[in-house]
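*Asks:* Chains as they are written, first to last, in my numbering: chain A, 1 to 113; chain B, 1 to 114.
Be a bit skeptical, because a hint or two may be false.
[Claimed, not checked] Calculated lysine-lysine pairs in the DSS-like style (CA-CA distance at most 30 Å, straight line):
1. Lys-9/B / Lys-49/A
2. Lys-14/B / Lys-49/A
3. Lys-57/B / Lys-9/B
4. Lys-49/A / Lys-77/A
5. Lys-57/B / Lys-71/B
6. Lys-69/A / Lys-22/A
7. Lys-49/A / Lys-57/B
8. Lys-58/A / Lys-22/A
9. Lys-71/B / Lys-9/B
[What the hints assert, rightly or not] On the chain B side, residues computed to face chain A include the following (Cβ under 10 Å):
10. Tyr-33
11. Tyr-35
12. Gln-37
13. Leu-43
14. Arg-44
15. Leu-98
16. Asn-100
17. Gln-101
18. Gly-108
19. Ser-112
Derived from the structure by calculation, the hints contain no laboratory data.
C-beta atoms are modelled at their ideal positions from N, C-alpha and C, and glycine is treated no differently.
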Amino acid sequence: AQSVAQPEDQVNVAEGNPLTVKCTYSVSGNPYLFWYVQYPNRGLQFLLKYITGDNLVKGSYGFEAEFNKSQTSFHLKKPSALVSDSALYFCAVRGSTLGRLYFGRGTQLTVWP
Amino acid sequence: NAGVTQTPKFQVLKTGQSMTLQCAQDMNHNSMYWYRQDPGMGLRLIYYSASEGTTDKGEVPNGYNVSRLNKREFSLRLESAAPSQTSVYFCASTDRYLSNQPQHFGDGTRLSIL
Chain A
1 AQSVAQPEDQ
11 VNVAEGNPLT
21 VKCTYSVSGN
31 PYLFWYVQYP
41 NRGLQFLLKY
51 ITGDNLVKGS
61 YGFEAEFNKS
71 QTSFHLKKPS
81 ALVSDSALYF
91 CAVRGSTLGR
101 LYFGRGTQLT
111 VWP
Chain B
1 NAGVTQTPKF
11 QVLKTGQSMT
21 LQCAQDMNHN
31 SMYWYRQDPG
41 MGLRLIYYSA
51 SEGTTDKGEV
61 PNGYNVSRLN
71 KREFSLRLES
81 AAPSQTSVYF
91 CASTDRYLSN
101 QPQHFGDGTR
111 LSIL
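The following block holds chain B by itself, in its conformation from the complex (with noise of 0.2 Å):
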């Protein structure tokens, strides 16, 4: 059972490149989210999509976009990367909006912009 699996796992860019991240879940979840860590910052959200078809920014959207490709895979793209992405960026799932049931978590891209 691999839950949330995100794809890479570490990537090093330059300033302006572009780059996707990318996220599918088997958990035959209906919401997806993406969300950034930084340290002292706790985890801040980026984009997330409600159901299949939809998606919403969060409070930090600038810079990103991203795609529901299908109700497994919610892929992140920077369009053109800047140092003050540097971070680690997580997905997440759960089985529908405003569900009780926690989200559940891949293990992250560490993405590092020079």
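One chain only, chain A, in its complex shape (with noise of 0.2 Å):
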């Protein structure tokens, strides 16, 4: 079965200071892993996935992830957090069954000035 976990509901950062948000998988078979921001009132953009290749995966806005496959993680991550990556974070891994999405809980990512 798949599944996908964000332990933390929220993370707070001081802008310029280095983020993280966390995820961890579960899935048979390869991972495919994706990460989506939302804003309010907005549906989800794609920031960037991992299919196959190198575990340091870059993305949109200077959001880069690092796949790890032992601890079956996939934390987004950014050197320099910026007052307008304030939003709503989601991880997601694709399942096998026709291509569907399993989304984690979301990650509430606020920065402040």
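These two chains come separately, so use the hints to put the complex back together.
*Replies:* Have a look at this one:
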């Protein structure tokens, strides 16, 4: 069975500091992992994905994610946070059944000035 | 480039009323999905359509029906709305099932059932 866990409901960080949003997953077979961001009253926007290859994946807006197979983790990172990064972040894994995504519960990121 | 368009954006219904949420994509995608988003629960799949002419239940299909009208359009119907269906509904699409490409999401329909 596929599942995703985001252990932190909220992450708070000061502008300019590095940020990490955590994600662990459970999947049968090869993992296909995604990060999405949601701003208020908007849909989910794709940030980055891991399919295969390098464990460090670079995405939009300066975000990157580190895939760790042994720890079954896919943490989202950014070296220097911006106030405009404040949003709700979702990690997702693609299941083997018809491409559906399994989402974590989301992590609210707040970056204060 | 509109992407995925959902209508209406907001709706308030009374218990027992019916309505249809509309979704259309202009990316020539084969697969389309309906999710609901509730606080603290992430997104849960209601129904999906792997390709035109096919639909399948997701993890929370009770109280809903869908229609894949054509390749572009995938509608979600509430036959007899219940307060438990108060939620934000998102439609998504991707080029094909088992794709490595991300799903594209609409901006959602915010539905309140009184």
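*Asks:* None of the hints should be skipped; say for each whether it holds.
*Replies:* Evaluation of the provided hints:
no., hint, in the structure
1, Lys-9/B / Lys-49/A, "holds, 28 Å"
2, Lys-14/B / Lys-49/A, "violated, 41 Å"
3, Lys-57/B / Lys-9/B, "holds, 24 Å"
4, Lys-49/A / Lys-77/A, "holds, 13 Å"
5, Lys-57/B / Lys-71/B, "holds, 18 Å"
6, Lys-69/A / Lys-22/A, "holds, 14 Å"
7, Lys-49/A / Lys-57/B, "holds, 26 Å"
8, Lys-58/A / Lys-22/A, "holds, 16 Å"
9, Lys-71/B / Lys-9/B, "holds, 22 Å"
10, Tyr-33, "holds, 7 Å"
11, Tyr-35, "holds, 8 Å"
12, Gln-37, "holds, 9 Å"
13, Leu-43, "holds, 4 Å"
14, Arg-44, "holds, 8 Å"
15, Leu-98, "holds, 5 Å"
16, Asn-100, "holds, 5 Å"
17, Gln-101, "holds, 8 Å"
18, Gly-108, "holds, 6 Å"
19, Ser-112, "violated, 14 Å"
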